[in-house]
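For the record, the sequence lines run as chains R and A. Residue numbering for the first sequence follows my numbering, beginning at 1 and increasing consecutively. Residue numbering for the second sequence follows my numbering, beginning at 1 and increasing consecutively.
Since the hints were made in silico from the structure, they are not lab data. As the structure is a computational prediction, the values presented were derived from the model and not from experiment. Treat the hints with caution; some may be incorrect.
Here are the simulated lysine-lysine pairs, DSS-like style, with alpha carbons at most 27 Å apart [to be verified]:
id, chain 1, residue 1, chain 2, residue 2
1, R, Lys-246, R, Lys-347
2, A, Lys-246, A, Lys-33
3, R, Lys-33, A, Lys-33
4, R, Lys-407, A, Lys-33
Just some of the chain A residues that point at chain R, by a computed CB distance under 7 Å [to be verified]:
id, residue
5, Pro-49
6, Ala-119
7, Leu-120
8, Lys-123
9, Gly-321
10, Val-324
11, Asn-396
12, Gly-399
13, Ser-401
14, Gln-403
15, Ser-451
From the three backbone atoms N, C-alpha and C, an ideal C-beta is built for every residue, glycine too.
Number of protein chains: 2
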Amino acid sequence: MTIVAKPPRGYKVEVFFKPKGIAVIGASRDPEKPGHVILYNLRNSFNGPVYPVNPRADVILGMKAYPSILEVPDPVDLAVIAVPAPIVPRVVEEAGKRGVDGVIVISGGFREVGPEGAALERKVLEIIRKYGMRMIGPNCIGVYSPPAGINATFFDPQRQGLPGSGPIAFLSQSGALGAAMLDWAEMRGIGVSRFVSLGNKADVDEADLLTYLKKDDATQSIALYIEGVEDGKRFREALEDTTPHKPIVALKAGRSEAGARAAASHTGSLAGSYRVYEAVFRQTGVILANTPAEMFDLAMALALQPPMQGNRVGIVTVGGGSGVMATDAAEVLGLRVPEFSSTTQSKLRRILLPIASPRNPVDVTGSAVDEHLLESLRVVAESGEVDGILLIPYFNVRGISEQFPEKLAKVITEIRRKHTIPVVVSATGGRRTWGLSRLIETMAGVPVYTSEAAAVKALWALYHYGKWLKRVGTLEEHIKKHQVRLIEIRH
Amino acid sequence: MTIVAKPPRGYKVEVFFKPKGIAVIGASRDPEKPGHVILYNLRNSFNGPVYPVNPRADVILGMKAYPSILEVPDPVDLAVIAVPAPIVPRVVEEAGKRGVDGVIVISGGFREVGPEGAALERKVLEIIRKYGMRMIGPNCIGVYSPPAGINATFFDPQRQGLPGSGPIAFLSQSGALGAAMLDWAEMRGIGVSRFVSLGNKADVDEADLLTYLKKDDATQSIALYIEGVEDGKRFREALEDTTPHKPIVALKAGRSEAGARAAASHTGSLAGSYRVYEAVFRQTGVILANTPAEMFDLAMALALQPPMQGNRVGIVTVGGGSGVMATDAAEVLGLRVPEFSSTTQSKLRRILLPIASPRNPVDVTGSAVDEHLLESLRVVAESGEVDGILLIPYFNVRGISEQFPEKLAKVITEIRRKHTIPVVVSATGGRRTWGLSRLIETMAGVPVYTSEAAAVKALWALYHYGKWLKRVGTLEEHIKKHQVRLIEIRH
């Protein structure tokens, strides 16, 4: 192995999110080819120059094409490569000569296809190192970053939605899952800051990206889908460095024995024992998710809401049954739903309808109007008796109005001025509930989940992250960030 | 207590789903009043005569109003009552005199408000018994049954969607949750056969309805949300009677101590220990769900697909990571994802791309086209090496086409002719994936879930129900039902 050592974590990673000019090597006139779609997507997203590189074309998508990246004018510091694997070493060499800092290699046909591909991948990596470049991939679906105006993917806009700008960075070892989850996030109304499909991770890995994201102003929380890492020490150090400043939610596939076997066969690298990863995540303050949607659910709560500083949950609900289910979910996860003091119960009783219950959960009942919910929320937030609040409106109920999201935004702003207590919402229902839920998220910066269980899990993540921040001594820093402003779910 | 004994389980319950004529007592001209909305909804849904009853109106919604149900012409065998609680005894007495078989009492102000209300409720029940009528409620949101053309609820069509006809019956002790889940089911594309909001359950209870649903041709599976039952023996007997013929999925609130406390405060009746319910459900073959959405997810699988006859799962996936996560989820739930025999692997290898994996999970890869998935599905179904199959297409992938749902429907029909092996699908993605998923459900009768975990949980339910049917000796009967026809998710 003549490959020189990996550069320090995060070295030159910025080029992938703040490039000055981008060359697309393997840009194609054939609309079915990835090299065509990538060019199309970049032209429609990037605010700087984009250069098609193709020795057999003069014009692609109305843009002047260059026979080689060596001919491309300034500025160009990033190359997206979609040529057959055997040609990749040559074009990467040219990219190095041209002085670019980063390449994204979309092309497959490397380590994932066997020993010959692995040799080819090593050859590419040697060239990367020789020129001091960084590489994402090979065998990846690219980079997507709305705040940077970068859609360096071959996602077909006819087949796939893409989310707007938002607070969540998403790193995925699986391309298919990454694409599907971006599509999901768009439908769900969650925005992302950076998405990277890591592919074979020959060079840039999670540790590099975490090191960058830690200081990235566009990112408030990080969602991480991993199947396995090669350099455990480097990964662990990056986690340790990052979580005191930015929350990380990880989803690790290969939990079961059969799952680990499947993972080994899928990624071609040893997936490692789930228990080892679990221990590392616990020791470094990483929140563990069980499904891709849960990963986003938790990352969203961690991005939008301050951490819980204790495990006491207050619940204010329109539906008694929902209060019961929420309480169940909280207790199962080690959170507490304590009875309120008689003082707080008296205050609530003055607000509520006679048939309502001022205990915890506060059951405002189906006869309630907006103000019963919102005034109860205010009293509970000010009680000092809970560390986080779950609000359960039912938009089917006659008294809960279309103005609820707007009114809630006002109350949340007032609460946030005095208290750093997180609030999450659970709202079960259909299309109208879905629409009003998205309004709550954008207007009030409060995440809304479709089930009590998911909302409570979000509080659980806020609790565990708060505990971690206390332990590493960065709780105050983090709380201040949330006092300064409401973080927006998407722009 | 002068109340005569409860009639046998299921007595006269049919009147709620097959009435000849319906009187709405408390029908109102005020569009804000439940009595107005109920009349509006019944007029727009019911295929037989609907009679408004209101002593202070001649015409309501263009329909002739009657001063009392005693004046209403034939046929009338069901009365929906939405008058103030103190008047309920009188109008129920009149309904009895008029000879109706069933009343649905929407009105609140009974046991749920305290001892006085409880006395009033007992009074109403005495009248019910005196005339041999049955009563749903009081304090409920009504009955909804699309195949019967009955929408005897005060759901505002502006605020709330309602599902079409489908195979799932849904009984809910919580009105708010019931309404919200119907709204959810509409958005989700799941149809229902019967929905009953049980309210205070003064007369008709779960046991009555289960006894009816057991023989109800419109119903293939039953979803049951309960907080507590009073007559445990009766309930248990109804479960025992029903599950050999129709699957039941139950969601029981009040699992934790704090949750049970909240439930007691909410329903006013002792919720009983969760562990007792859990044991009863286990002993009677009831499938236990953890959230309302999961209850419908599982009920849908049980309605549409035959049971698993063993715990071996075959997985066919476009995304390797999804295969790993599905395997994890399966093993955690006690299902197995066995390696295929070398014969089956050889057969798969002949179908698949060279980079694909013929092991279990079969990873057709992101380069696959429809036929790779479908031919693999066929081979796995015919192998005899698994008892259920999870199929994971990714609709973002270029090779998976818009025709996939139609093609899958054909393959499923062929498989079903020879084998009684259940198939479920997991498809993660955005709007397009959502639309194609609904097409798969309607065209192929295969339930589609948005996560591997949810799809695997559905297989788990099919496995446990199959085990139960074997034990009680009705597996063959059940299998035959699924061989005869594909059951439709909605009409």
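Here is what the structure says about each hint:
Of the supplied pair hints, the one linking Lys-246 (chain R) and Lys-347 (chain R) is violated, its CA atoms being roughly 37 Å apart against a limit of 27 Å. Restraint check: the Cα-Cα separation between Lys-246 (chain A) and Lys-33 (chain A) comes to about 38 Å, which exceeds 27 Å; the hinted pair is violated. Among the hinted pairs, Lys-33 (chain R) with Lys-33 (chain A) is inconsistent with the structure: their alpha-carbon atoms are about 61 Å apart, more than 27 Å. Between the alpha carbons of Lys-407 (chain R) and Lys-33 (chain A) the distance comes to roughly 26 Å, so the proposed pair stays at or under 27 Å and holds.
Below 7 Å, beta-carbon pairs count as interface contacts, and Pro-49 (chain A) has none with chain R, the closest being about 28 Å; its hint is therefore violated. Evaluation of the Ala-119 (chain A) hint against chain R yields a violated restraint, the C-beta minimum of about 17 Å exceeding 7 Å. For Leu-120 (chain A), the suggested interface contact is broken, since its CB lies about 15 Å from the closest CB of chain R, more than 7 Å. Annotation: interface hint on Lys-123 (chain A) violated; nearest CB of chain R at approximately 20 Å, more than 7 Å.
About 3 Å separates the beta-carbon of Gly-321 (chain A) from the nearest beta-carbon of chain R, less than 7 Å, and the hint is met. Interface restraint check: Val-324 (chain A) against chain R, minimum CB-CB distance 4 Å, threshold 7 Å, status holds. Interface restraint check: Asn-396 (chain A) against chain R, minimum CB-CB distance 5 Å, threshold 7 Å, status holds. Hint status for Gly-399 (chain A) relative to chain R: violated, with the closest Cβ pair at about 11 Å, above 7 Å.
Among the interface hints, the one on Ser-401 (chain A) is violated; its C-beta lies about 10 Å from the nearest C-beta in chain R, farther than the 7 Å criterion. Evaluation of the Gln-403 (chain A) hint against chain R yields a violated restraint, the C-beta minimum of about 14 Å exceeding 7 Å. Against a cut-off of 7 Å between C-beta atoms, the interface hint on Ser-451 (chain A) holds, since the closest Cβ of chain R lies about 5 Å away.
Violated hints, listed in ascending order, are 1, 2, 3, 5, 6, 7, 8, 12, 13 and 14; each of the other numbered hints is respected by the structure.
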